[in-house]
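If you're matching them up, the sequences are chains F and E in order. 22 is the number of the first residue of the first sequence in my numbering; add one for each residue after it. 22 is the number of the first residue of the second sequence in my numbering; add one for each residue after it.
The set of hints was computed from the structure by calculation and includes no laboratory data. Among these hints, one or two may not hold up.
Since the list can't tell identical chains apart, any single copy or any two copies may satisfy a pair.
[Stated by the list, open to error] In silico DSS-like links for lysine-lysine, alpha-carbon gap of 30 Å or less:
1) Lys28 with Lys81
2) Lys405 with Lys364
3) Lys23 with Lys108
4) Lys439 with Lys50
Keep in mind it's a predicted model, so treat the numbers as computed, not measured.
Number of protein chains: 2
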Amino acid sequence: MKPSIPKGTRDFLPSEVRRRDYIFSVIKKHFRRFGYQPIETPVMENLATLTGKYGEEGDKLLFKVLNNGNFLGKADADALAAKDSDKVLASISKRGLRYDLTVPFARYVVMHQNDLAFPFKRYAIMPVWRADRPQKGRYQEFYQCDADVVGSDSLFYEAELTQLLDGVFHELGLKAVIRLNNRKILAGLAEIAGMADNMMDMTIAIDKLDKIGWDKVAEDLTSRGANAGALQVIKQFLDAKSLDSVAPLLADSEIGKEGIAELQEVFDLIKQSSPLPRGEGFGEGVYNRLEFDVTLARGLNYYTGAIWEVAVDTDAPGQENIKMGSIAGGGRYADLTSIFGMKDMPGVGVSFGAERIYDVLEELDAFPADASEDLQYLIVCLDKETLNHGFGLVSRLRARGVHADLYPKAGKLQKMLKYADQRNAPKVVIIGSREAESGEYSVKTMGTGEQETLREEKL
Amino acid sequence: MKPSIPKGTRDFLPSEVRRRDYIFSVIKKHFRRFGYQPIETPVMENLATLTGKYGEEGDKLLFKVLNNGNFLGKADADALAAKDSDKVLASISKRGLRYDLTVPFARYVVMHQNDLAFPFKRYAIMPVWRADRPQKGRYQEFYQCDADVVGSDSLFYEAELTQLLDGVFHELGLKAVIRLNNRKILAGLAEIAGMADNMMDMTIAIDKLDKIGWDKVAEDLTSRGANAGALQVIKQFLDAKSLDSVAPLLADSEIGKEGIAELQEVFDLIKQSSPLPRGEGFGEGVYNRLEFDVTLARGLNYYTGAIWEVAVDTDAPGQENIKMGSIAGGGRYADLTSIFGMKDMPGVGVSFGAERIYDVLEELDAFPADASEDLQYLIVCLDKETLNHGFGLVSRLRARGVHADLYPKAGKLQKMLKYADQRNAPKVVIIGSREAESGEYSVKTMGTGEQETLREEKL
Chain F
22 MKPSIPKGTR DFLPSEVRRR DYIFSVIKKH FRRFGYQPIE TPVMENLATL
72 TGKYGEEGDK LLFKVLNNGN FLGKADADAL AAKDSDKVLA SISKRGLRYD
122 LTVPFARYVV MHQNDLAFPF KRYAIMPVWR ADRPQKGRYQ EFYQCDADVV
172 GSDSLFYEAE LTQLLDGVFH ELGLKAVIRL NNRKILAGLA EIAGMADNMM
222 DMTIAIDKLD KIGWDKVAED LTSRGANAGA LQVIKQFLDA KSLDSVAPLL
272 ADSEIGKEGI AELQEVFDLI KQSSPLPRGE GFGEGVYNRL EFDVTLARGL
322 NYYTGAIWEV AVDTDAPGQE NIKMGSIAGG GRYADLTSIF GMKDMPGVGV
372 SFGAERIYDV LEELDAFPAD ASEDLQYLIV CLDKETLNHG FGLVSRLRAR
422 GVHADLYPKA GKLQKMLKYA DQRNAPKVVI IGSREAESGE YSVKTMGTGE
472 QETLREEKL
Chain E
22 MKPSIPKGTR DFLPSEVRRR DYIFSVIKKH FRRFGYQPIE TPVMENLATL
72 TGKYGEEGDK LLFKVLNNGN FLGKADADAL AAKDSDKVLA SISKRGLRYD
122 LTVPFARYVV MHQNDLAFPF KRYAIMPVWR ADRPQKGRYQ EFYQCDADVV
172 GSDSLFYEAE LTQLLDGVFH ELGLKAVIRL NNRKILAGLA EIAGMADNMM
222 DMTIAIDKLD KIGWDKVAED LTSRGANAGA LQVIKQFLDA KSLDSVAPLL
272 ADSEIGKEGI AELQEVFDLI KQSSPLPRGE GFGEGVYNRL EFDVTLARGL
322 NYYTGAIWEV AVDTDAPGQE NIKMGSIAGG GRYADLTSIF GMKDMPGVGV
372 SFGAERIYDV LEELDAFPAD ASEDLQYLIV CLDKETLNHG FGLVSRLRAR
422 GVHADLYPKA GKLQKMLKYA DQRNAPKVVI IGSREAESGE YSVKTMGTGE
472 QETLREEKL
């Protein structure tokens with residue numbers, strides 16, 4: 022039998038795991054620094070928790086786990102005879118794999134509300150599962166990296182999450198554009214354009230401006246019910262670009278003004294509290310390009326205030342050719358938990374697309390040189406008699422915390438050096454009978470081929 | 022709707038995640054130090070990979086994932102009508118959740134053999150799933166922590182894995198007994214006792230010596246076909262205890278002598294290469310108690326050479342009352358991958374019972390004091406006007422790598438200190454209008470209640 026893995030899933034080689042871990046560890050470091058705390062939830066959730074939370078399409082993409090034992094025992098005989106999968110499902114499966122980290126988080130907050138201190142700030146870096154058709158860059162099993170704070174509507178969190186996004190990409194050595202908008206501004210626009218009842222339609226059309234240009238957007242808007250007046254208002258709005266020039270256009274909309282004020286406060290907070298060294302960044306208080314983007318809508322209906330979307334900055338030198346959509350995003354929501362019966366739990370959060378960030382760093386060759394290497398020394402012995410000496414040396418090195426390994430047989434140097442290369446060992450300690458006697462070891466640097474003689478203490 | 026999670030699964034609070042992470046990180050640190058490399062495999066495997074690998078009982082305990090879409094479409098109508106779950110299964114489910122880390126590892130080695138350098142040393146710290154009946158300390162979703170090396174039969178690996186087990190428990194501050202035996206010794210005993218054909222029966226009986234005493238073991242052995250001569254040989258053997266006194270009893274068994282020689286070499290290697298400071302440990306070259314245990318058999322048929330089992334040392338001061346079975350174990354196997362068509366792949370590995378180690382450390386109150394705390398400073402503001410000042414301070418602290426958080430509203434000090442306590446913050450920075458002006462902050466140490474005045478640079 023030739024083994025395989027399910028389509029849409031992946032194995033990772035050690036060098037890949039290490040580079041993935043590098044990304045996760047940078048994200049985790051900033052999450053922790055900003056006071057977000059780790060929680061863990063099970064991979065399997067009750068289907069009652071998951072079903073109906075992601076729309077009809079989402080329900081179809083949930084992986085369902087079969088009940089154990091004689092699972093057909095309680096199934097409806099008529100539904101079985103009719104091969105009615107939907108109807109049979111409820112009687113043969115009561116668990117599913119988590120689809121995202123948000124719904125399990127909501128469930129968690131409700132179940133553990135008495136053990137949590139609010140505002141509650143949590144992060145989670147865990148895999149999720151979706152039965153999407155697998156394609157390049159899209160998997161059925163992939164990681165999400167989320168940080169959220171719930172139980173407060175303070176704008177300090179919008180400011181700090183912007184700083185957090187900024188800090189992560191700065192540390193990863195990736196120049197990013199952090200785009201920020203506020204749903205209330207879009208609601209204001211819909212109001213003054215007379216499209217308050219189909220705001221969703223409006224934002225979907227506007228969202229495509231970058232890709233298809235104004236003429237097509239206008240066509241689309243018209244087909245969605247915008248009249249000539251609405252088109253004019255919207256065009257003016259999209260041309261405005263900066264917060265200052267948008268503000269007067271929203272003077273007649275209460276919600277629109279609120280959105281402007283909130284966003285202005287967030288930008289001010291970031292600028293005033295900037296921890297950047299002088300001369301760094303774009304003058305907005307962050308390392309990366311931070312922009313107000315009135316076209317930014319993000320699909321999720323769910324958001325009610327700030328929304329972020331982060332992309333690779335293709336204006337930055339060396340990054341011109343990167344074709345990649347959003348690499349992080351997030352937003353504020355008025356209500357996390359009422360689906361589980363707990364009211365008044367507003368929150369705000371961001372999420373990193375670690376899999377896409379991996380692809381970008383790979384394409385830019387921007388992983389640190391040591392991100393895929395772990396071993397410090399490989400010890401090789403030229404003859405059998407020195408192997409035990411080699412084992413003593415490797416034991417003592419490890420006890421000192423050095424990452425070291427011993428090639429377990431005496432062999433041809435060439436073969437052992439090849440193994441060192443495959444193991445990504447930067448240095449090789451070569452032991453022959455003379456070295457074993459004198460304690461003066463030949464140490465070869467794999468990258469340069471340089472060789473020096475060192476005593477154990479110097480390793 | 023009142024939310025819940027599937028029985029046998031768990032949510033973890035931040036303090037629990039941190040303490041679990043502490044254990045994982047100690048184990049991982051030693052895995053890396055000893056040259057083991059991380060790999061990752063999918064949570065979902067093809068059922069064809071998993072089925073038949075864990076015996077009939079294991080097959081029943083596999084969690085199976087329903088095919089997506091109209092899963093009943095291809096199901097056999099007669100089997101459905103008869104509600105024959107076993108027969109229907111193959112047509113409605115082709116994936117399952119991994120049951121352990123060994124079978125996926127074997128599959129991985131076969132699939133990626135051309136990308137791996139042998140001896141290949143890998144570790145994995147990942148959850149597995151078993152549909153066991155949940156009970157205290159037994160979960161349906163739990164972590165395994167495995168390190169294995171495949172592609173070599175060198176005894177250096179037996180020696181280093183013993184050092185690795187020793188190093189992990191030493192660093193965790195847990196005194197352990199590491200018991201070591203060799204299947205070949207048991208095979209030799211079976212040979213000389215005339216029980217070569219029912220060696221498994223013999224080892225199962227012997228394995229219980231500790232719990233039920235010799236008389237009951239003898240009864241059991243008799244019922245399994247041992248005659249009086251066999252009983253005498255076995256009794257003599259069990260009384261021998263040390264390797265030296267067992268050796269002469271096995272003089273007539275080739276395989277038995279091989280087992281003795283192997284074990285002797287492993288003990289010698291460990292002792293000779295001991296990196297321990299003088300006076301530490303029990304004189305065997307390791308920190309913990311290292312013992313030859315001829316009764317140690319371990320259930321798995323699978324092992325062919327060395328076998329380990331590690332338990333809490335209840336002779337150690339303070340650990341007398343710990344009732345816990347094996348907290349780590351492992352062994353050598355002649356063949357990992359032939360189930361997937363790849364021959365000659367011997368290996369040896371160990372596995373840590375992280376969930377049990379957690380319970381033991383909890384019971385001994387042996388987690389480091391800072392294992393569940395992460396935040397260094399919580400900043401609280403006494404009035405609204407100083408909040409922005411507080412935000413500036415927290416931004417600058419974080420930029421310096423300090424783990425800091427800001428309570429987002431001005432409030433009563435008592436309430437904010439309670440929040441600091443719930444967040445496990447060791448220090449609280451208190452800002453009133455005077456502090457904001459002078460830059461001299463009141464810093465309260467939560468543990469002692471002490472208060473001092475510090476400038477930002479001193480935080």
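Cross-check of the supplied hints:
no.	hint	result
1	Lys28 with Lys81	both (17 Å within a copy, 24 Å between copies)
2	Lys405 with Lys364	between (72 Å within a copy, 26 Å between copies)
3	Lys23 with Lys108	between (36 Å within a copy, 24 Å between copies)
4	Lys439 with Lys50	between (36 Å within a copy, 26 Å between copies)
Going through the hint list in order, the structure satisfies each hint without exception.
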